[in-house]
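Could you put together the complete structure from these sequences and hints?
So the protein lines, in turn, are chains A and B. Everything in the first sequence is counted per the numbering used here, starting at 1 for the first residue and increasing by one. Everything in the second sequence is counted per the numbering used here, starting at 1 for the first residue and increasing by one.
Since the hints were derived computationally from the structure, they do not count as laboratory data. A few of these clues could be false.
One copy or two, either will do: identical chains are not told apart, so a pair holds if it fits within one copy or between any two.
Under the rule of at most 30 Å between Cα atoms (straight-line distance), these lysine-lysine pairs were calculated in the DSS-like manner [to be verified]:
id, residue 1, residue 2
1, Lys140, Lys21
2, Lys21, Lys124
3, Lys21, Lys329
4, Lys124, Lys145
5, Lys41, Lys124
6, Lys21, Lys41
7, Lys145, Lys21
8, Lys145, Lys41
9, Lys124, Lys217
Just so it is clear, the structure is predicted and the values come from calculations on it, not from any experiment.
The chain contents come next:
Protein chains: 2
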Amino acid sequence: MPSDMSIEHQRILLNHGSGGKMTHELIENLFIRNFNNESLKARSDAAILQIADKFFAFTTDSYVIDPLFFPGGDIGKLAVCGTVNDLSVSGAVPLYMSASFIIEEGFPMELLERIVSSMASEAKYAGVDIVTGDTKVVDKGKCDKLFINTAGIGLVVKGYENIHKGLDIQPGDKIIVNGYIGDHESSIISARNLLPLKSEIISDCCSLNHVIQSILKNNLSIKFMRDATRGGLGTVLNEVVDHRLFGIEINENNIPVREQVKAICEILGFDPLYMANEGKFVLIVDPKDSDQVIRIINEANIDRMASLIGEITSESPGMVLLNTGIGGKRIIDMPVGEQLPRIC
Amino acid sequence: MPSDMSIEHQRILLNHGSGGKMTHELIENLFIRNFNNESLKARSDAAILQIADKFFAFTTDSYVIDPLFFPGGDIGKLAVCGTVNDLSVSGAVPLYMSASFIIEEGFPMELLERIVSSMASEAKYAGVDIVTGDTKVVDKGKCDKLFINTAGIGLVVKGYENIHKGLDIQPGDKIIVNGYIGDHESSIISARNLLPLKSEIISDCCSLNHVIQSILKNNLSIKFMRDATRGGLGTVLNEVVDHRLFGIEINENNIPVREQVKAICEILGFDPLYMANEGKFVLIVDPKDSDQVIRIINEANIDRMASLIGEITSESPGMVLLNTGIGGKRIIDMPVGEQLPRIC
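Shown next, in the form of structure tokens:
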């Protein structure tokens, strides 16, 4: 869309909700410009707020996924994990959540019961209380079955008040991802029956707070964390280098991707780097601590696939470069839109 | 619906989102049963949470109103006021808010800009920062134009940590409402062109935090506050007496209702007591302080219509009785459903 197109003719497109370039533009040009405050300008997953002498993380997300149930989870589990993870990667211990439901008239009570019970059990696992909520019902045809919003509050672990800004990141720092990427989006593709798959792929949807707390309590030099959801790993890495004086170099061979996910990407023309995840996060750590971080994650994770995928470089600031498996180099740009809408 | 109807055949109805009896049943039987914690069991508009030595209020609401613009406001202003007011009546100073948007593909950018700018200006007036958010876009036809969710955090004013429970309410306490009731629902009726009206009715949609702070700082004996939104004044009064050993008696002649609103109710068969408001709240106060509370509200309010509408009685516990204008008595029950869906 030409930038001089007057606002009278502009409309919201699916890509504005993709988590990619158009979402970032909308946040910049509409929300940050109007709401205009320092927390929002930090552009992190959770706002970090000082109240009295404590630092809190505060975050929200709406979930509009289709279908509501997928291998490995459902919209309820996702809504809890998403908020727990946004708080956790901001260096906070998640404490309390809200849950707000927009329900289409005629929605089966039995499914709502399953979804609410799934939220309750994930909240219990994560150790957060769902303490407040709201229920709205709209006429049949005015929403697609069920949308859930969650917001969450966490208490930032002492010493990690600025981790969401990533100000200490410097060339040489290592980039770690905690396991296989692309599983969540693949599970949605499988649940939508978009491809005839031999075996179903299970979403990685899970609460990351326990593993993140294990890392933080070891006093390691963690410079930054972010979960790679909408827009995938490629988008997060681009957010890290955006307007910074360093770049990122990652190695394709070191990025854990299941064969099945590779096959799906091959057929649909997708890139695993942009596939949505719901239990994956990126850590940027001082090189001296990278081995220990990987060890801690792998002790907590049955897959044991935490991997050092690359590092911060002083060359090509603001850019993410991929050393491909066959020896080439490729720029990983911020995606404009989504490969598949309504996956999280 | 018969209570023995098995869950397999039950479906969500519009009335489950009305704020009335069916909403309360859903909250009880589904949400409180599954999420099961003390904050939720308090059944207040905001959860009151102790973190370290501070008490916080935390609340959320989704807004699905139709139409998006109405005389006196729009969905954006409403989304800010609603959360500010839920925090304020819980005895808290609102500090921070989240804003989450679910937008239908094709929604005009110009309208979104107007709505976001309206949120920004109401937030500025109320003195809260919108610090975090989320944007989802769904395919055309999968939601009705725009839904907004807001969540908010406030710091409870010292001494008011338990006001949301209303534990100190006792017979003889006075019931005050801060002005004309029914204006918001009437403005929506007018915006929907449901009736040919000579002059438009302006919604009472406004942030109540400043007037509530003025009351709280005077050290008066305030026993309880709640804003009368969905379900109106009648619903709030029923919530006050629910499972309690006292009742409420109110006087129709003392309840401020505009002539125009009375006329609309007459024609549509609505009851002003169940009409939704977005800037009205009920206070229960010790009799010695009722005059001063009314004076403080009227100093802040151009209408100067704050009124003492009734009192807590030891007779008919659990019930709300109305002394009608013509000398009769009528039970004001919790409404089963809504007079009009999607008004807030």
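Exercise for the section: Indicate which option fits the pair Lys140, Lys21 if close means a Cα-Cα distance not exceeding 30 Å: within, between, both or neither. Expected result: between (33 Å within a copy, 21 Å between copies)
Exercise for the section: Tell me, please, which holds for Lys124 and Lys145 at an alpha-carbon limit of 30 Å: within, between, both or neither? Expected result: within (26 Å within a copy, 35 Å between copies)
Practice task
Could you place Lys21 and Lys124 in one of the four classes (within, between, both, neither) given a Cα distance threshold of 30 Å?
Solution key: between (35 Å within a copy, 29 Å between copies)
Practice task
Could you figure out if Lys145 and Lys41 sit no more than 30 Å apart (CA to CA) within one copy, between two copies, both or neither?
Solution key: between (34 Å within a copy, 27 Å between copies)
Practice task
Can you give me the call for Lys145 and Lys21, within, between, both or neither, at a CA distance of at most 30 Å?
Solution key: both (28 Å within a copy, 23 Å between copies)
Handout entry: 30 Å Cα threshold - placement of Lys217 relative to Lys124
Key = This pair counts as within: shortest intra-copy Cα distance 21 Å, inter-copy 39 Å.
Problem - Lys41 and Lys124: within-copy, between-copy, both or neither at 30 Å Cα - result: between (33 Å within a copy, 17 Å between copies)
Practice task
Could you figure out if Lys21 and Lys41 sit no more than 30 Å apart (CA to CA) within one copy, between two copies, both or neither?
Solution key: Classified as within; 16 Å inside a copy, 43 Å across copies.
Practice task
First find the shortest C-alpha distance between Lys21 and Lys329 inside one copy, then the shortest across copies, and answer within, between, both or neither for a cut-off of 30 Å.
Solution key: within (22 Å within a copy, 63 Å between copies)
Of the numbered hints listed earlier, not one is contradicted by the structure.
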